[in-house]
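Novice: Here is how the chains run, residue by residue.
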Amino acid sequence: MSVNISIETPNENQIQEIAFDGTETYQPLPTLSESLTKCATRIDFSKSSLDDLKKEDKDGSPVDQFQPSLWPWDSVRNKLRDALTEVCVLSDVLSISREKKYLVLDPIQQEPPENKAMVQVYARKKALSQAASVLLTGAERLKASHVEQKNKTSSNFHIELLRLRQNWRLKKVSNGIIGDLSYRTAGSKFWHNGTFEVTKSEDDVETEEDSSSAPSTPTSTIPPTIKPTSAIKVNVPSELQGVAYIKVITQKDQGDLCTAKINLMGYGRNIAQQSGVWQRVLESAQNVLFCKELFNQLAREAIQLQAPIPHVVIGNQIRANLFPQIQLIISLVHTTSTDTAQTSSSNQDNDSVLEHSLHQLLREVHHKNSDHPFPQPASGPLGPSKKRMLAGPLAADRFELLEMTKSETILEQIIAQAQHTFMRKRTQYVLDTLAKDVRDPQIVSHWNAMNSPTMSCVKINIVTHGYETMHRTALLIHVKDRTLKCIGRDGRVMHLSYEPQELRDLILCQINQHQITSLLSLAKCLAWQVLSNSNHLGIGSVEPLGNASACLLSSPNGDRMIAVQLRSDTSLEARVFIAKSPRQDFFQIPLVPEKIWENLGGHFREVRFDKIEGKSFLMKMEYLMASLTSSSS
Amino acid sequence: MSGIPSTQDLLTQACNNKIIPNQEYLLQGSILDSASDHLFQRLKGLCDNVESGPQLFNDHELCLSLRAPNQAQPLMLRVRRSLEVDAPYQLRYIGQPEFGDRTRPTLVRSSIDVGCTATVIEFLTELGCKIDYEYFSKGYMFRKGRMKITMSKILKVGKGDEALSQSQLVELSVLAPTGQDAIGEEMKAFAEQLKPLVQLEKIDYKRLGSTLP
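Protein sequence lines correspond, in order, to chains P and H. Just so we're aligned, residue 1 is where the first sequence starts under the numbering used here, counting upward by one. Just so we're aligned, residue 1 is where the second sequence starts under the numbering used here, counting upward by one.
Watch out, some of these pointers could steer you wrong.
Unchecked claim - Some but not every residue of chain H turned toward chain P, in silico, with C-beta under 10 angstroms:
#1 Arg42
#2 Glu61
#3 Met76
#4 Arg78
#5 Gly115
#6 Glu122
#7 Arg146
Said to hold, decoys possible - Quick list of the computed label-pair ranges, beta carbon to beta carbon:
#8 Leu476/P to Cys15/H: 47 to 55 angstroms
#9 Gln166/P to Leu10/H: 50 to 58 angstroms
#10 Gln96/H to Asp371/P: 32 to 40 angstroms
#11 Asp371/P to Asn70/H: 12 to 20 angstroms
#12 Gly53/H to Glu403/P: 28 to 36 angstroms
#13 Asp48/H to Arg141/P: 23 to 31 angstroms
#14 Leu11/H to Leu390/P: 15 to 23 angstroms
#15 Ile4/H to Ala395/P: 40 to 48 angstroms
As the list claims (entries may be wrong) - DSS-like, lysine-lysine: derived pairs with alpha carbons at most 30 angstroms apart:
#16 Lys189/P to Lys144/H
#17 Lys368/P to Lys138/H
#18 Lys387/P to Lys195/H
#19 Lys436/P to Lys252/P
#20 Lys144/H to Lys386/P
#21 Lys172/P to Lys144/H
#22 Lys406/P to Lys138/H
#23 Lys138/H to Lys386/P
#24 Lys18/H to Lys386/P
#25 Lys144/H to Lys292/P
#26 Lys368/P to Lys387/P
Read the hints as simulated data drawn from the structure, not as lab findings. What you are looking at is a predicted structure, and each value in this text was computed from that prediction instead of being measured. Even for Gly, the Cβ is constructed at its ideal location relative to N, Cα and C.
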């Protein structure tokens with residue numbers, strides 16, 4: 001065990017002699033001719049076949065090898081001579097036999113081989129069984145591979161790649177596959193190229209091993225979770241990872257009025273089921289890209305726009321003033337962990353209108369970038385719009401041409417839309433509270449179902465319950481982004497600002513007029529005469545809002561008179577006076593000597609109107625007129 | 001007068017600033033009717049996506065000439081109108097084509113387009129213009145960036161739909177301000193992509209005429 005074994009290379013040269021001092025004298029290597037002769041001597045030409053040669057090697061050393069030869073080629077010569085002799089004899093024999101005089105060659109009758117049937121059957125059986133086994137093993141292997149393929153379809157790289165290709169833009173760059181999730185083909189001009197890399201995932205095998213080894217461990221009671229493994233791995237740039245959305249808040253004195261959020265997740269058809277994890281990853285990355293582009297555009301516009309109160313861009317937030325004390329805050333929220341995004345989205349409801357319109361506005365910009373009209377006729381220049389092409393023949397002036405160059409930015413449009421949303425809500429609130437507060441004439445408002453993002457329309461009808469056919473005051477209000485436009489029944493147009501008080505005052509005035517006008521038509525029905533009527537009474541105490549309206553009615557036979565004064569403030573108080581003629585307290589005095597003056601009517605006495613029976617002003621007035629008429633006969 | 005600059009001044013200023021696209025870069029070729037469908041499909045694939053699909057056009061072009069007494073070359077004007085769409089007439093002046101040397105990839109000629117009303121023909125004949133020839137041009141147009149590609153059939157006027165030849169005219173053109181020669185390379189690259197189907201080249205009409213007897 002402990003003996004060291006040294007290994008030496010064998011000497012190539014044979015040792016001729018060893019001197020006494022131990023030096024070895026080597027034989028020089030034989031030359032080529034020497035080695036050839038040496039080999040030639042060893043050839044036995046009489047044994048030509050390979051088997052004989054092999055046998056000879058096995059039998060042992062031929063004797064002649066060690067015989068000292070006189071001449072190196074002596075044995076070769078001898079053998080060649082023997083061979084020549086044999087050939088000569090053979091040719092002699094053949095030539096004699098051809099003569100057929102002395103020698104005749106007869107074929108030797110060979111014994112036919114024994115035909116053993118049973119042996120053949122066994123041999124065939126054996127061969128067939130061998131062939132069968134080869135086929136069977138082959139079939140088994142095919143089956144196994146087929147089953148394997150079936151199990152692995154979901155994680156097959158090429159099938160997945162095909163699916164990816166059906167939904168996303170991919171191209172091959174040298175050895176890698178690069179995908180594109182930007183909106184460039186749709187007309188976007190955002191600086192980010194939005195590329196992602198597609199690779200074959202390496203941890204595919206590991207996860208499979210994990211899942212297969214999990215049930216084998218006895219300690220684990222949890223069933224193995226099947227991870228959605230995919231053969232494709234997509235590498236999205238780090239700035240596009242995570243979840244992003246745009247939050248729009250309308251704020252009034254730090255209190256939120258409405259919130260909108262843009263989150264494109266869940267748009268489009270549902271293809272997540274048939275495709276792998278990458279679909280979700282890419283969709284969210286594209287969403288991040290879209291949100292970033294949108295915010296980028298908005299921030300740029302916010303800085304460029306010269307608003308009376310400048311817009312403020314701080315970090316991921318844009319602040320713009322809608323109305324005094326009311327702000328619009330647009331912020332970009334980008335989180336890399338999905339859990340926080342889900343919790344934040346659940347506690348705030350989102351206004352789908354603002355969400356949708358922001359989304360739509362950027363798409364519109366994209367569309368304008370990519371879509372240019374074709375010139376007609378075809379030789380015209382590419383680029384100018386149809387309107388611009390018509391400008392020459394229709395002789396457009398400088399103002400019209402300047403108008404064509406103007407376009408609204410996304411921020412301006414979204415501010416206008418937010419303002420409109422706000423105005424609409426405010427108008428709704430004013431109308432609803434008025435309808436609730438004012439019971440007597442009923443205020444019915446019809447909102448048009450069809451409206452544009454910056455314009456909606458409401459029709460207001462003021463009627464008295466039970467007297468709908470008598471009179472109906474109609475009013476149309478166009479709600480725009482910052483103003484209201486009211487169109488009365490008579491065609492009068494009034495422009496109101498965003499202050500809610502103005503609308504409230506207008507409606508109150510309309511109610512006031514409605515009461516008087518419907519009283520006049522009621523009087524006509526009851527055959528009372530209208531002596532005078534004024535919507536703007538110039539006398540009496542100063543009203544906080546507009547003027548009081550009044551009318552004077554006289555009974556059919558003229559013996560009674562009713563004077564009505566309606567104040568137009570919030571109380572909508574009505575004061576009613578009656579006078580009777582001939583007056584009871586007429587005395588002849590020197591100034592008014594004659595009796596006829598007693599028909600002139602006496603002093604007006606106020607009626608305690610609130611004590612009169614009736615639900616509404618008109619009902620009370622009808623009751624009053626009816627009672628005064630009946631008593632006169 | 002000092003406050004508002006005159007129209008003449010504004011126009012010359014615009015010309016000097018090179019903002020008016022008045023140079024047409026042009027390549028032309030033709031394709032046989034039998035192969036035109038292949039070209040149509042290729043152009044559909046190569047060109048920008050348009051929602052409405054390939055744009056059809058059907059135009060009528062009149063070529064008028066005004067012969068001045070002391071000038072050898074008549075002034076040529078073209079009036080074109082669309083037969084499909086209700087669009088304004090177009091009056092067009094096309095200058096002499098410049099071929100340049102071999103390094104220049106496209107033909108360049110000055111081009112001025114003006115939109116007009118239908119009375120323009122009447123106006124021009126009153127001026128003394130004579131109608132030289134007229135034809136219908138019917139086909140498709142495509143867009144790739146700022147390049148416009150038209151493939152059209154030239155039809156004779158007044159004889160129904162009788163075609164002038166068994167082939168279609170293919171034109172690749174860009175209208176750009178003076179001095180933007182980079183567009184030529186872009187056009188050449190695009191023309192290369194259509195190569196086996198159609199050979200878009202600078203075509204010299206004068207040389208074309210001289211070869212004919």
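Novice: Please name the hints from earlier in the document that this structure breaks, with their numbers sorted from lowest to highest.
Specialist: 1, 3, 6, 11, 13, 15, 18, 22
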